[in-house]
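> So the chains spell out like this:
4 protein chains.
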Amino acid sequence: MKLDHTANGVYSIAPTPFHEDGGIDWNSVDRMTDFYFEAGCNGFTILGVLGEASKMDAEEALALAARVIRRAAGKPIIVGVSAAGFAAMRALSRKVMDMGAAAVMVAPGAGLRTDDQIAAYFRNAVEAIGEDVPWVLQDYPHSTGVVMSNNVVRRVVTENPSLAVLKHEDWPGLDKITALREWEKDGSMRRISILVGNNGLFLDFELDRGVDGANTGYAFPDMLVEMVKLSKAGRRDEAHDLFDAHLPLLRYDHQPGVGLAVRKYVLKRRGVLSSAAMRKPAPAFSAETRAEVDYLLTRLAMRDPRATQ
Amino acid sequence: MKLDHTANGVYSIAPTPFHEDGGIDWNSVDRMTDFYFEAGCNGFTILGVLGEASKMDAEEALALAARVIRRAAGKPIIVGVSAAGFAAMRALSRKVMDMGAAAVMVAPGAGLRTDDQIAAYFRNAVEAIGEDVPWVLQDYPHSTGVVMSNNVVRRVVTENPSLAVLKHEDWPGLDKITALREWEKDGSMRRISILVGNNGLFLDFELDRGVDGANTGYAFPDMLVEMVKLSKAGRRDEAHDLFDAHLPLLRYDHQPGVGLAVRKYVLKRRGVLSSAAMRKPAPAFSAETRAEVDYLLTRLAMRDPRATQ
Amino acid sequence: MKLDHTANGVYSIAPTPFHEDGGIDWNSVDRMTDFYFEAGCNGFTILGVLGEASKMDAEEALALAARVIRRAAGKPIIVGVSAAGFAAMRALSRKVMDMGAAAVMVAPGAGLRTDDQIAAYFRNAVEAIGEDVPWVLQDYPHSTGVVMSNNVVRRVVTENPSLAVLKHEDWPGLDKITALREWEKDGSMRRISILVGNNGLFLDFELDRGVDGANTGYAFPDMLVEMVKLSKAGRRDEAHDLFDAHLPLLRYDHQPGVGLAVRKYVLKRRGVLSSAAMRKPAPAFSAETRAEVDYLLTRLAMRDPRATQ
Amino acid sequence: MKLDHTANGVYSIAPTPFHEDGGIDWNSVDRMTDFYFEAGCNGFTILGVLGEASKMDAEEALALAARVIRRAAGKPIIVGVSAAGFAAMRALSRKVMDMGAAAVMVAPGAGLRTDDQIAAYFRNAVEAIGEDVPWVLQDYPHSTGVVMSNNVVRRVVTENPSLAVLKHEDWPGLDKITALREWEKDGSMRRISILVGNNGLFLDFELDRGVDGANTGYAFPDMLVEMVKLSKAGRRDEAHDLFDAHLPLLRYDHQPGVGLAVRKYVLKRRGVLSSAAMRKPAPAFSAETRAEVDYLLTRLAMRDPRATQ
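Protein chains in written order, with my numbering: chain A, 2 to 310; chain B, 2 to 310; chain C, 2 to 310; chain D, 2 to 310.
Because the hints were derived from the structure by calculation, they are not lab data.
Among the clues, some could well be false.
In this list, chains with the same sequence are indistinguishable; a pair is considered to hold if it fits within one copy or across any two.
Here are the computed lysine to any residue pairs in the SDA-like style, where the Cα-Cα straight-line distance is at most 20 Å [unchecked claim]:
hint, residue 1, residue 2
1, Lys-3, Arg-252
2, Lys-76, Ser-144
3, Lys-269, Ala-288
4, Lys-177, Pro-282
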């Protein structure tokens with residue numbers, strides 16, 4: 002099942018489970034795969050930043066993709082294929098699509114500045130991965146350093162029919178969503194799926210602005226699923242209530258670097274991962290940080306029973 | 002009254018009130034000055050980023066400083082003097098200190114990279130402003146692009162006895178606070194005041210980590226004052242409860258660019274400013290944004306009566 | 002006399018002459034003004050990077066402009082007015098134009114990324130300086146960090162009729178010249194003057210590609226004048242011979258930071274400046290550097306008598 | 002034969018020869034290997050930026066390394082292993098060292114800012130590649146965006162005994178060489194080999210300052226070899242004469258992006274490569290550019306017969 006512009010709901014971003022010694026923890030890989038679907042996700046993405054993709058070699062990346070795709074048994078798995086060059090991007094894309102991946106995710110290459118450079122990059126990327134491969138455009142300037150105006154997003158959408166999803170994580174980004182949705186309405190841009198990232202820090206209002214769902218790694222994907230449902234059902238205040246209960250943790254989790262360690266720790270506490278280990282170079286996860294996360298979870302448990310265990 | 006390393010409590014960051022035509026709104030300047038002190042702030046900072054300092058010419062900046070310092074009647078006013086060159090920095094510093102400012106605020110110059118470059122920059126800055134002038138070091142990598150390690154902060158503190166306050170707004174930054182406080186305890190760094198910025202997005206835990214207060218522009222400085230008091234009184238859960246009530250708005254307000262417009266809008270709604278106008282180039286403040294802020298204020302009012310009017 | 006799109010020949014970029022104690026050396030200012038015109042320059046630019054503009058305060062900048070413009074007695078002086086904000090840019094522009102400046106020079110503000118941001122910036126800048134003020138667009142990504150595609154240059158040219166000159170110092174930049182000249186020929190862009198900067202490191206081929214002259218600070222502006230003449234006269238090999246003789250020094254002079262010190266040193270050796278002093282923060286000018294410049298001048302003197310004294 | 006701190010002379014940086022269809026041109030790989038040694042190089046480096054390493058996938062990179070190392074028959078080959086993550090760096094390093102590579106080259110990872118970050122990065126890199134593997138530290142801020150002060154270079158040298166060579170391509174960088182050499186003399190830094198890159202744009206004075214040779218990709222490695230010999234023999238003027246003859250081309254060749262295309266074109270004209278093809282995304286190589294290179298070679302041939310054919 003391939004991803005297309007009707008994608009909606011929640012596609013989590015998955016970490017890569019490691020043992021303390023840095024080896025891949027295959028049992029946790031399986032458990033995590035089951036967890037996301039049980040939580041109500043429509044699919045999930047592997048080998049993104051949260052997946053520590055840059056710390057794995059080419060063989061490991063393929064092995065992980067193979068295991069996850071097999072376990073998902075036909076449900077959609079998206080694979081991050083961003084790479085320093087198109088040859089590596091092509092090699093990984095072709096292999097994971099053959100394995101049955103639903104789509105690949107591509108971020109703009111480092112150093113792109115002008116609109117023309119950005120547009121050319123994605124035309125080349127699409128040529129590399131194949132024009133029949135659906136893909137997710139990652140618009141995350143804080144991480145990539147590449148800033149895409151509304152106009153250049155529209156241009157990339159228009160020039161590349163295989164683009165299925167915009168993973169929107171620009172900041173501030175609310176008015177960008179409104180602008181793109183208006184262009185879809187007035188026919189000046191074809192309809193795409195917009196799923197939000199950035200840990201969902203603005204998911205409450207992004208849903209109000211018309212996104213189709215989330216594609217992010219917050220450690221409570223089940224809460225993201227419920228939020229999207231509440232919002233789609235028009236139960237706005239309840240959606241905001243749920244969001245506000247999670248915001249203290251979500252904001253904490255959103256910190257670059259250490260946020261990945263926090264998410265792995267929470268997923269371990271929730272029984273999904275056997276270990277919160279990260280590969281080097283790993284951010285520090287101090288005793289103070291851990292105590293703060295525990296405190297946040299205790300407070301959250303008073304408002305959401307999902308945080309209890 | 003000069004600022005020194007015992008500074009604590011809340012020093013707000015003030016906007017510059019403008020009329021719709023871009024002129025300075027002097028009545029609002031006075032009202033705002035009174036407002037901050039009535040809200041319980043110990044002082045406040047003008048001519049920072051929130052103050053749209055870069056959109057004012059040299060004469061306007063001096064006129065604003067003169068008016069605010071006179072109105073503050075001896076209570077401490079900090080003046081941002083960051084400039085592209087040391088001559089402009091010197092000129093402004095000397096003049097506002099003569100007017101009675103309590104301290105100046107200096108951010109690292111654009112483009113600094115190595116530890117040696119950063120240390121040299123601040124030695125030159127101190128020579129320019131005068132070694133007798135107390136100053137606030139602004140550590141805000143997201144805005145300045147300059148990243149200061151714990152070690153380089155300590156070096157700048159040690160090399161410059163006139164540094165009184167660290168305006169801490171690194172992100173993630175909690176462990177940096179802990180590291181600096183430990184160095185103070187073990188005697189490897191002299192005691193300074195640490196006040197946090199970054200809109201207070203982590204003020205809850207920053208207080209737990211031992212900061213002396215806040216130096217930031219969130220539109221409810223009265224709430225910041227109460228938080229600091231609760232925390233200092235050891236009433237941790239209540240401090241977090243208050244913080245969590247404000248977090249949805251605070252997070253919204255924290256957006257770069259549009260966040261300044263939001264803060265001016267909230268200050269106008271609170272009766273402090275006559276107009277929310279910003280000088281060009283101003284961020285867009287869309288109808289959707291305004292409606293979202295109104296919604297957030299309505300929700301906040303259910304938990305904090307300060308948001309009612 | 003105002004600058005317009007017919008500008009051609011050589012407009013040097015001038016340093017600001019300082020005494021050893023950092024004060025402005027007014028006698029050297031006069032001598033330098035005379036020197037540039039005696040060397041055959043059509044005009045020159047003050048308060049650029051080479052002019053250490055960021056190290057001068059607002060009053061000094063105006064005093065320098067007044068002195069130079071008066072001394073130039075009607076010959077064209079261009080004034081750099083790039084500033085962190087439009088208020089300062091407006092204030093300086095209005096004043097120097099009133100004094101009789103021929104044009105102002107504007108670089109894109111730090112941090113601009115997308116085509117739309119760049120275009121908006123220059124529309125705002127033109128509104129600030131006044132639509133009747135001719136201006137030079139500085140396209141120098143290495144220094145400003147702002148990358149302008151061919152398309153965005155054309156857009157800025159088209160949207161701003163008061164743009165008279167493109168100071169071209171993109172790198173690599175030869176094909177950009179050819180592209181812009183072709184657009185002028187096919188009518189898709191109006192004719193502008195293109196003068197090259199970047200110390201003239203590619204002036205030999207830039208002239209072949211069709212630029213109108215140079216607007217750069219190499220310490221032998223008389224050689225630049227001769228090169229432009231040779232090239233316009235179709236004496237290509239001779240132009241290249243002259244250029245190649247100077248290239249070893251020109252390349253040395255082109256180093257960021259220390260290159261400014263080198264140029265001032267050479268201008269001092271040539272009798273133009275009384276001192277090579279720079280204001281703080283000044284690049285190091287080591288004994289080894291000085292000996293290398295002397296060696297380069299000795300070698301150059303064997304091929305060009307201008308380097309003899 | 003492993004590289005160590007006595008490395009000197011010329012180690013060229015090699016392109017990867019491609020056919021027009023993008024496949025690796027193995028015959029040219031062999032011819033190029035022979036060419037570098039016939040030109041007098043002591044060794045050469047593959048899989049650097051000039052080698053278009055980022056455009057090759059993992060298997061191709063290994064195949065190229067295997068072919069070159071075998072053909073070099075014991076003479077030293079350095080392999081660029083810079084990668085987004087340590088797992089890929091380790092995998093490539095281990096494999097090429099097993100094949101018989103003399104050393105690996107490591108550039109600092111993107112985004113490193115503080116001294117502590119840089120030092121930590123290289124300690125992690127050395128742990129990844131193995132502490133017994135000699136390596137070349139690439140100090141090339143213009144390309145990597147990472148700025149290393151003299152002090153941080155010394156720190157990396159001191160903390161990592163397996164560092165054999167500094168590939169010096171900082172700009173401006175002459176005083177850095179002098180500072181490092183002085184530290185070696187006064188015993189505050191151990192002796193390392195310093196080989197210069199940056200296309201040799203300052204090789205004339207870098208040799209005067211005491212470097213051990215060159216490690217760069219200028220298309221006349223035979224000229225680099227002669228220059229190093231002249232300099233070591235104390236024939237300074239002759240070294241500069243030779244350098245000055247090549248400087249017009251060398252400067253042209255030094256342009257980022259298109260410079261790679263120029264070097265491949267010159268190597269093709271010299272009979273080393275069968276094709277000047279680059280893989281996508283390739284810089285434009287316009288007809289004007291080609292004509293300019295031909296003109297430069299014609300002019301160079303009048304002063305150096307190596308440019309004749």
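> Decide, hint by hint, whether the structure agrees.
Taking the hints in turn, this is what the structure says about them:
no., hint, verdict
1, Lys-3 x Arg-252, "neither (33 Å within a copy, 36 Å between copies)"
2, Lys-76 x Ser-144, "neither (28 Å within a copy, 42 Å between copies)"
3, Lys-269 x Ala-288, "within (16 Å within a copy, 42 Å between copies)"
4, Lys-177 x Pro-282, "between (34 Å within a copy, 18 Å between copies)"
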